[in-house]
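Novice: The listed protein sequences derive, respectively, from chains A and B.
Going by the numbering used here, the first residue of the first sequence is number 1, and it counts up by one from there.
Going by the numbering used here, the first residue of the second sequence is number 1, and it counts up by one from there.
Heads up, some of the hints might be wrong.
To be verified - Some chain B residues well away from chain A (every beta-carbon gap over 10 Å; in silico):
{"id": "1", "residue": "284"}
{"id": "2", "residue": "418"}
{"id": "3", "residue": "457"}
{"id": "4", "residue": "486"}
{"id": "5", "residue": "541"}
{"id": "6", "residue": "565"}
{"id": "7", "residue": "629"}
{"id": "8", "residue": "720"}
{"id": "9", "residue": "769"}
Said to hold, decoys possible - Result set (DSBU-like, lysine-lysine): computed pairs, CA atoms no more than 35 Å apart in a straight line:
{"id": "10", "chain 1": "A", "residue 1": "145", "chain 2": "B", "residue 2": "633"}
{"id": "11", "chain 1": "A", "residue 1": "338", "chain 2": "B", "residue 2": "288"}
{"id": "12", "chain 1": "A", "residue 1": "145", "chain 2": "B", "residue 2": "753"}
{"id": "13", "chain 1": "B", "residue 1": "753", "chain 2": "B", "residue 2": "633"}
{"id": "14", "chain 1": "A", "residue 1": "295", "chain 2": "B", "residue 2": "400"}
Hints in this document: simulated from the structure, not taken from any laboratory.
On a predicted model such as this, the values are computed, not experimentally measured, just so you know.
Cβ atoms here follow ideal geometry from the backbone N, Cα and C, with glycine treated the same way.
Spelled out from the first residue to the last, the chains are:
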Amino acid sequence: MSIKDQTKQLKKEFLEQLDNCSSLLDSQNIKNDYLGRRGKLSQLYSKLQSLPKNEKASVGKEINDIKIFFSQKIESLVSSYIEKKSVSNKKDFTLPGDPQPLGSIHPITLVSEQIKDIFSKLGFSLAYGPEVDTEFYNFDALNIKDDHPARDMQDTFYIEPGVVLRTHTSNTQIHTMLKKDPPIKIIAPGRVYRNEDISVRSYCLFHQIEGLYIDKNVTFGDLKGLLNYFAKEFFGKNVKTRFRPSFFPFTEPSAEMDIYWGLDSESDYRITKGTGWLEILGCGMVDPEVFKSVKIDSEKWTGYAFGMGIERMAMLKYGIHDIRLFYEGDIRVLRQFK
Amino acid sequence: MIISKNWLEDHIDINLDDSIIESSLTALGLECTIKKEDISYKDVYIGRIINVSKHQNADKLSVCDVDIGNDQKLNIVCGAPNVIKNAKVAVAVVGSSLNKGNFLVKKTKIRGVLSEGMLCSEKELDLSSNHDGIMILPEDCKVGTKLDDHFNTKNDTIFELDLTPNRGDCLSHLGVARELATLNNFTIKETETSFNKDFEYDEECTINISNAEACYRYSSRIIKGIKVEESPEWLKKKLISIGQKPINNIVDTANYIMFDTGHPLHTFDLKKIDGNCINVRYAEKNEKITLLDDKTYDLNISNLVIADDKKPIALAGVMGDNKSGISDSTVDLLIESAYFKPEIIRKSAKSMGLMTESSKRFERDTDIESLIRSLDKFCQIINTICKPKSISDLKDLYLKKKNNVIVNFNIAKCNRFLGTSIKDKEANNIFKKLNITLEKNNEYKIPSYRNDLTRDVDLYEEIARIFGYDNIPSNNTFNANYSSFDKDELSLIKKIKFYLMSNGFYEHYSNSLVDHNNDIIFSDFNQVKISNPLSNKMQYLRSTLIPGLINAISFNLNRKQENFKLFESGVIHKYVKNVETKSIEKQSITLAFVPGNFKHWKKNCSNDFFTVKGEIIKFLKYLRFDKITFKDKKYKGFIHSFSINVNNVNIGYFGEVDNSLIKHYKIKNKLYFADFSYEKLNSLQNDKINFLVPNVYPSISRDIAIEVDSYVESQSIENTITSKGGDLLKNVFLFDVYQDKKMGDSKKSLAYKITFQANNRTLLDNEIDDIMVIIMESLKDTYNIKQR
């Protein structure tokens, strides 16, 4: 485009902008854009250099003319706004409002409330169990026998022989079943402890939510339906799930539910071990041995149980990579969660 | 468990892609990932150390001249303790990459000496976790050969299985092959074993089992005239492919059998067995054993041992002692293949703090019927690779029979349990794949290697597993019985949390494992102590939420954050001796205020004690409390503190922290805390609202200003006004507190607006005047006031 055409184009744009201008600030911005030191006109001036001598004079004059035209137009507009302002009122409405500090809800609370809401809708009531408990509730009644390697799956803090910091919220299953007759339909959130060194991936405590449903004719298919619904609510409608056999002493059959996470980034490779699938929760049908220890007739009642780690869910949901961030209380972290 | 595909093919012909194998095993419950496509070492060569000299600037480093063939010699600095002249080693030359490409070998100067490559340890080559020194290769391998060619393992695929503790049967290639066989009706290859049996066992050794309830079966053979040497290449490669370190032909063969069939074998040097007899018994009191790890262990009477005439020579199923095993000078050996009760081995290993490949398998239970097969496979390999003079006949002591497990299974019940409609025929087909056989009506016999299957539900899981968890229909309706519904006893917490957030508090979660010294600053309770803590800074359970909040406050102050509020809601613990768990747990809610100045164009504000007090009242009003009173009371860790009461019930306290007690945090700011018992807040909840029709009669207000001694508390003046004001008094509002030079420090002026209103009529000025006179007189009598 020749410089001539450019000036024409510029004039057209300028006039359009003036038409759309609605405030003092706008008009000042337009002035800057076109007439400022780095404005569009001075860019045109700089192009003059490249023209042959004979054209320089005529084109230069053209730019000068347009500059005068722009200045007159914009100055009159700016002053009209200033006049209006000083007449209508003197108040500066752009001053900042009074500070009203807003706090935050911890990501663990946010995720746990979301999970609780999903299951509450499906008729699950809330139940709670103690953090310090006896081995009976934390292990024995859950069919985690002392002489079985499954006992080694969790490193345990002891208060004294027979008394532990619970390693999972599953102790609440036992407390509830001993207190209440079926049907039972509960979720049990809470803090659990593992005697593991603190690192990016593990902390000496974390939070779980446990679910337990005991009724007549509860099936494995019911469990799948429930957890598929949960996954959709929590991760989104298009989530892909899979169930695969696993082992927990207190359920049989036992399963783990994975969701398809994808393999889009290097971190996806790392967290899914290159498979694209990510383990979300453990579940299964309540083992008859558990029923036996709480004196529920397993011929009459069946049930399922499931459990998941809240930190893990929060880390996935918000892309947090270091579990220790949850317990530092850094308000630069906390204020991001509402 | 590391599994090699080549090795699997010894048992089964698999024509499946690696990724299909990976996902199929995972779907069968053997969580599988492909560890590496092949063990490929780019630019790693076999070299020979021609010369070793000490590094001039570092005692622990050596400088090696290394011949890597093709007339190439490299100068390499190495820190390993086992560099010796003439050793054949794996050399990673400059530009090669190790650790799956994550580590690039570069030319570098180490303490001033040029190093042109790296001598590799087994760990660096991903062969094992051994990093004690560099890997020394056998003498017969050729300098200049690529390590890839040497190992010839390129076409293998290595799988890593994360096995659940119930599947001990899959801790072997045979076990995994059996699982894969269920996929396509593959068949497991049977191997025949044959070798000559040359002499009578009993002439050499006697076996005795003293405790058959711990050792059901002990079978063994004696092999004579062997030569202990390096294993042949095929055997070494097999072991290396799954990350095991080759040792010698005898030990390697025993290990090979363990990873192949899953049954741990143990070898003894026959000459080291005193009295030519083996006794399987419990240890006696005060017996000791020095195991292969060269550590001496005190044995107790629940430890099962293999003993000779004089002493224990092995901790049964866990580890042998450091003398009776195979050494370079071993000529005759006894090979043991035994069945130990899982609980016994677990207890032994646990009490010694040991976990070996052997104990891992015995703990998870082994196949009592496979003992002879494993034993004979061992003999056959030894027969081939080290040409022994003679092998004895079989000695098999089978004292306690393990009965076949028969499980009653009903497909209709199974379908009801799983929510499926699997046909009888299909179920039987699944059982066939698993070698589970129908004995008679609904009674199924479990193969001896599946010790995890004993009940009908176990078979439901097998049906589900082979049928495919993902093929079980997902039921999309749900049931709920009203009788299962319970009130959430912590529901108020959610309400509180969202209120606090809206009012500028950040929610904090702190570690409940705390330092005793921090906890007791603020708490009168006895703390609950952990007997096996992570560190002495985390030895106790918190009995107050305050120190956790102070940690967070300190963290934030150190990062230039100021003028903020935090809160935490969580469990605190109190030690109580006569409770079974030694602990009483309570829900606590604690608010932390770190006030500061802030500048704003309208006015500069400073938050202080009264801001905090105001916030507490607002919070309690939100919880629908109205009779709120504060009482001066000393609380541990505070300079000024007040109990907070609702309807005269104590629900918590607040105050200003005594900073001299938390000097170690170096906090200069004033800190205020309010601490509430959730139990109390919850129990005082009342959802009644006493609705009143708005009063239509006008109110009358009077302002009074009084001068009073400084020490008189405004609260008591207010109380006096309220008590004398009678039914008509509706509100007393302090609107000014004032002191000037004329009054001096000893006096202050307080100004109140007092409002009166009647519910049924318009008040008259003079009746209010009368009440005001009574109020003023009472104030004068009580407080020596001056009306201004």
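Novice: Determine for every hint whether it applies to the structure shown.
Specialist: Status of each hint after checking the structure:
1. 284: The claim holds: residue 284 of chain B sits with its nearest Cβ about 23 Å from chain A, beyond 10 Å.
2. 418: Incorrect as stated: the minimum Cβ-Cβ distance to chain A is 5 Å, not above 10 Å.
3. 457: It is violated; residue 457 of chain B is separated from chain A by about 5 Å at its closest Cβ, not greater than 10 Å.
4. 486: violated, 4 Å
5. 541: Residue 541 of chain B is in fact no farther than 10 Å from some Cβ atom of chain A, at 7 Å.
6. 565: Non-interface label on residue 565 of chain B violated, nearest chain A Cβ at 7 Å vs cutoff 10 Å.
7. 629: Its Cβ never comes within 10 Å of chain A, the nearest being 27 Å, so this holds.
8. 720: holds, 37 Å
9. 769: holds, 41 Å
10. A:145 / B:633: violated, 51 Å
11. A:338 / B:288: violated, 62 Å
12. A:145 / B:753: Roughly 72 Å between the alpha carbons, so the hint for residue 145 of chain A and residue 753 of chain B is violated.
13. B:753 / B:633: Distance of about 29 Å is within 35 Å: holds.
14. A:295 / B:400: Since the Cα atoms of residue 295 of chain A and residue 400 of chain B sit roughly 34 Å apart, the hinted pair holds (cutoff 35 Å).
Of the numbered hints given earlier, the model fails hints 2, 3, 4, 5, 6, 10, 11, 12; all others are met.
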